[in-house]
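Asker: The lines below spell out each chain.
There are 2 protein chains.
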Amino acid sequence: MVLNIPAMIGTRIEDIDTPCLLIDLDAYERNIERMARFINKQGLRHRAHAKTHKSADISLDQMEAGAVGVCCQKVSEAEALVHGGVRDVLVSNEVINPNMIERLAAMATQAKVMVCVDDIDNIDDLSAAAKRYNVELGVLVEIDVGAGRCGVAPGEAAVPLAQKIDAAPNLTFKGLQSYQGKAQHVHDYQERKGKIDEAVEQTRNTVDLIGKAGLECEIVAGAGTGTYEIEGTSGVYNELQCGSYIFMDADYQRIAMDDGRLIDDFENSLFIYSTVMSKTKAEKAICDAGLKAQSVDSGVAMVFGRDDIEYIGASDEHGVIKDPENVLKLGEKLKLVPGHCDPTVNIYDWYIGVRGGVVERILPVTARGMCL
Amino acid sequence: MVLNIPAMIGTRIEDIDTPCLLIDLDAYERNIERMARFINKQGLRHRAHAKTHKSADISLDQMEAGAVGVCCQKVSEAEALVHGGVRDVLVSNEVINPNMIERLAAMATQAKVMVCVDDIDNIDDLSAAAKRYNVELGVLVEIDVGAGRCGVAPGEAAVPLAQKIDAAPNLTFKGLQSYQGKAQHVHDYQERKGKIDEAVEQTRNTVDLIGKAGLECEIVAGAGTGTYEIEGTSGVYNELQCGSYIFMDADYQRIAMDDGRLIDDFENSLFIYSTVMSKTKAEKAICDAGLKAQSVDSGVAMVFGRDDIEYIGASDEHGVIKDPENVLKLGEKLKLVPGHCDPTVNIYDWYIGVRGGVVERILPVTARGMCL
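Top line first, the protein sequences correspond to chains A and B.
One point on numbering: in numbering that gives the first Met the number 0, the residue at position 35 of the first sequence is 34, and numbering is uninterrupted.
One point on numbering: in numbering that gives the first Met the number 0, the residue at position 225 of the second sequence is 224, and numbering is uninterrupted.
Keep in mind that a hint or two might mislead.
Note: identical chains are not told apart, hence a pair may lie in one copy or across any two.
To be verified - Here are the simulated DSBU-like cross-link-like pairs (lysine-lysine), alpha carbons at most 30 Å apart as the crow flies:
hint, residue 1, residue 2
1, K192, K328
2, K334, K181
3, K321, K280
4, K328, K181
These are calculated hints, taken from the structure and not from any lab test.
Could you build the full structure based on these sequences and the hints that come with them?
Answerer: Next up, the structure:
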């Protein structure tokens, strides 16, 4: 097995091999601190979303800053984080495959584990597995407050699920998962706020109905980096799940530039570090970060801190950099801001943490590729 | 470390965990056989492109069917293949970073290694490293025949590079790398052929000029799945580098459907296997394969063999399946054809090879994430 680590502790930034993921540790620590300050001020809990970074080390940094635990989207991802020392994890997603239900329950012998449901029969399967392992699983009912993906309709539909969870052996009804994923990347602030206002009302109504049925929603969870201030001041949500704030990305940066609200407190702390590997043309350069170094679902990477050059296209192993003034040199290194951090991180095995031009931390992407 | 393998040998297809990469072994073997038959008939060599599959096992399957070796794009990728038993590898790309030049030369103590150049000073660096390890590196001059990425202009510009390689200690001039990557995915056949006809003429001219300078191009390399028949019957190219033919993907399939020529011999043999994980709405279903299960640079995945449902959107961990007749059931499994196989494969650690509804081979994606 080739470990293939692009640097060592103490390597100077100019000597790091590329392409790789670089963390600006100062910016990263400021991002953690800023989110913690907001959440503390509001008297809320933060359950940081580890789907962004897939790192046990980063999860533990977030928990040290006050997060109560993490959430993630897959059982195998949760396992990797638990093996890395995280002891409180919510799978903020449904778990359907029988093997994965088994692994979810087994994991609860080592950590506090919660999961979401949106199907009545799934509750029986979870309960049976939890019973086999003699564990207690916390369960949230997921409601669809506009993302159009998983979750039952808000309102009455959530009540029988909550009741069945409450009655099921080895399951504890914990509350609601209510994430409006489609609002996060809406560029117009008023439109974004409108979507969340609606989600807040639907969530409040669902909490009330469940309350009338005699059950308490100890956790009302949701929110992302694009909208956390709205959920966080709603009086309804009490556990925020923001993840991307820790790195930011080009898409969130464009939103911040468009409306200058909410998310302009956070800085780009994650970069794809790349080398100019071919310079045979005056007007452009080819760098070594292409489609296998980033996910382009939200657009290609942006060159950080440069307006004289532009990343304009990606093929499998190459990026094309427009270089109208012919300033780039063969071997020159560039910091690129990923278009979308989550699926980009999922390609890499290592983060290289840099401070003052020197590698200070090397973090494995613990749950890379853990999609089961 | 969590190995997280989605199946075992003998697992029935319906019990495989998802999302994962599935290989239909019958279709895969037919694809290998068909390409080998064409290349043998033309009296050419096949150096299969391992950038598609990143697997040492698949490389060895291709070599058993007659391929002379493989090519790949990165030194670390080549190392992984060499460690997996491949003993003849061309890095069909430039290697610029000093550490990677060192690793390239070191690798040549274990395997036959070739590399490309498009910069005159790079030749000195390669020669010095090869000398340090007392190895001989084969070197191709890359010319840009229309892809607009790496490579010097075809014609005169290639000659001094060839001469310098020929004169450099521990380097052997082997010929030309001449791949028209931009033609592969052109949907109109005449337009695609026009681009390759032009590339063939530029390559022929460059071979002639190098010949007049007293050097022979033992290897004239290029071609991809979209155009191999054109280069393969040109009389100029003698080593074809097709890779995607082994799996095909949705984009190549659309090209085949559009023109019905060249690439309709190959079958989809690679699938993203996915489970319906939420079915709370009549008109759609949510599956467990989203952006972290595929690269969407060439469009989202297609559902294989079904025209009653359609994969219409991806978020990080979810795919949205349009289900107008409400036929999908929770837990149902689907075979998805990736939009673009190469960067999709690069996300996964394992291939699950299936025949007759049962898992027969499990292959590691040996060079997954090897981007250095």
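Asker: Please go over all the hints and tell whether each is borne out by the structure.
Answerer: A quick look at each hint next to the structure:
Within a single copy, K192 and K328 get their C-alpha atoms no closer than 45 Å, and across copies no closer than 35 Å, so neither meets the 30 Å cut-off. Taking the closest pair of Cα atoms, K334 and K181 come within 30 Å of each other both inside a single copy (29 Å) and across two copies (26 Å). In this assembly of identical chains, the alpha carbons of K321 and K280 lie at most 30 Å apart only when taken from the same copy (10 Å versus 46 Å across copies). Within a single copy, K328 and K181 get their C-alpha atoms only as close as 41 Å, which misses the 30 Å cut-off; across copies the closest is 25 Å, which meets it.
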